[in-house]
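Chains A and B supply the protein sequences, listed in that same order. Mapping of the first sequence onto my numbering: residues 1 to 314, in sequence order. Mapping of the second sequence onto my numbering: residues 1 to 223, in sequence order.
No lab work stands behind these hints, which were simulated from the structure alone. Keep in mind that the hints are not guaranteed to be accurate.
Stated by the list, open to error - With beta-carbon atoms standing in for the labels, derived distance ranges: (1) A:G74 with B:K166: 46 to 52 Å; (2) B:E220 with A:R28: 55 to 61 Å; (3) B:S201 with A:G16: 32 to 38 Å; (4) A:R32 with B:E10: 44 to 50 Å; (5) B:G57 with A:S62: 49 to 55 Å; (6) A:V59 with B:L48: 36 to 42 Å; (7) B:R215 with A:A128: 38 to 44 Å; (8) B:S117 with A:A252: 42 to 48 Å; (9) B:I108 with A:E293: 55 to 61 Å; (10) A:G154 with B:W73: 50 to 56 Å; (11) A:G16 with B:E124: 55 to 61 Å; (12) B:V216 with A:E220: 49 to 55 Å.
To be verified - Which chain B residues face chain A? A few, computed with CB under 8 Å, are given here: (13) S130; (14) E171; (15) P202.
Unchecked claim - DSS-like, lysine-lysine: derived pairs with alpha carbons at most 25 Å apart: (16) B:K169 with A:K123; (17) A:K43 with A:K264; (18) A:K129 with B:K7; (19) B:K214 with A:K129; (20) B:K69 with B:K7; (21) A:K121 with B:K166; (22) A:K36 with A:K68; (23) B:K169 with A:K129; (24) B:K7 with A:K121; (25) B:K69 with B:K214; (26) A:K68 with A:K11.
Treat the numbers as computed from the prediction; the structure is a model and nothing was measured. Note that beta-carbon positions come from the ideal geometry of N, C-alpha and C, so glycine has one too.
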Amino acid sequence: MKPYSGSNLEKVLAAGHFAVTAEVGPPRGPDREAMKNKAVLVKGIADAYNVTDNQTAVVRMSSIAASKLLIDEGLEPVMQMVCRDRNRIALQSDLLGASALGIRNCLCLSGDHQVAGASGKLKGHPGAKNVYDVDSVQLLSILRGLRDEGLQQGGDSIEPNAPLFIGAAWTPLATPEEFRTLRLAKKVDAGADFIQTQAVYDVDRFARAVRRAEDMGLTERVAVLAGIIVPTSAGMLRYMDANVPGVEVPSALIERMQTAADRKAEGIKIALELVEAVRAIPGISGVHLQAIEAEHLLPEVAEAAGLLPRPLVA
Amino acid sequence: MIFAERKPLEEIVHSLNGYRRVLLVGCATCAAECAAGGEREVETLAPLLQLALENSGRPIEIATAMLEKQCEWEFVEEIAERVRGADAVLSLACGIGVQALAERYADIPVIPGVNTSALTMREELGVWASRCAACGDCLVGETFGLCPIARCAKSLLNGPCGGTRKDGKCEVDPEIDCVWNLIVERAASRGQLDTLRQNRSPKDWSNSGHGGPKRVVRQEMRL
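Start from the sequences and build out the full structure, keeping to the hints where you can.
Rendered as structure tokens:
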């Protein structure tokens, strides 16, 4: 892989390092300090930091603005972009703006449907009109057009091309499982350079899915970062297993969290084991670390997993 | 069929505020098929409204009429006499029928009594579900006879999002099938899963409502 976007994440992967990304959710208000504080908390533990785009369909500071705030703090953002809220005109306009602001990584997603409303914890905007002018696969191809051909989707040219490192999501264990490898292939064909997967707890099933991708030659063409969500309680694991499509949690793990004397320590221990296990899977190029509403755990996890310090690649 | 559901009674009662003689008009086509504005619904609704308005101290006279199709001028014409005696018309037809009445009888208010929401088929008795979104560029030939525009909550064209539930239902509603799961099942059963590998480009929406209101003129059919 020859780096071409100027993205640190891309350089780290191209140099053959095991990459680390983490997630920084923007605040639900125009709070620059909140973003800065989160940045300080996680600085140095990852090669790039995902900035979510109104996840669970709850209005938050825009991912483009929050990404720029991360850059100001010396962190490299992975700007997430969902197809729910913008048509191809707005998506491309924002991509050009993001590029001008120095944003180099973009993760293309379908986006949570507006009925999600933070899974019922917040009001959200369930009466909103969604857009879905393009889907995530088509968005990938749009990014590739802006970067490689200097062309907008409609065919008009741009000057200069937009340097972007293009990301996509993969939920290998979701129904219909037999299609998920093809779905990954479609994303790679459309232009994905890197993949961040849904959270992995069932390592064996995940490894089999990655093997299928490898058999199709996909892991040669795309860097796959395995999603790791630090467990914080047995209830959380049970909830994800039952309610989050594509997340399969073995009952033994739930049992471990249930009976642990120190849940925090056990959660971190499980996360470490997961990092270690996915690292051993051929075709896995890195991890995407998350701790839902517990970002303060991430530095400890990264440290203990031997992922620090992060490499400096020129 | 065009699918409609009756508005809540309170909303209809509220919208009839100030009228004394209302003509309630049903439609024997789609609105009847989806049990929102057929003869039965018209005859049930009239006394309910009468009672509700009487109880709120606003006595009202409600006459009823049925049209074979509220969206065709020749049928709309049939109630001309009866409209003359009313100070408002309450229509239980789809949005097309309501507007046909409103255009023909432009000097009195025509009030919608139903909400029109989808193009559906009756899957079984008492169950209606979306089948078409009138997108103007039919692709079901490539999706094994199942429409992802109308039946996927995100109108995705390249396979299911990550939100398909374990049982193959949609993340948005546990009662609704993930249409992409159905498409994949049908493709697999024909041994043609690979045909779904090909990426579909962004869609041209210009032949749907997004291209502006539809107006089609076919000269050979004009008088």
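Problem set entry | Broken hints, by number | 1, 7, 10, 13, 24
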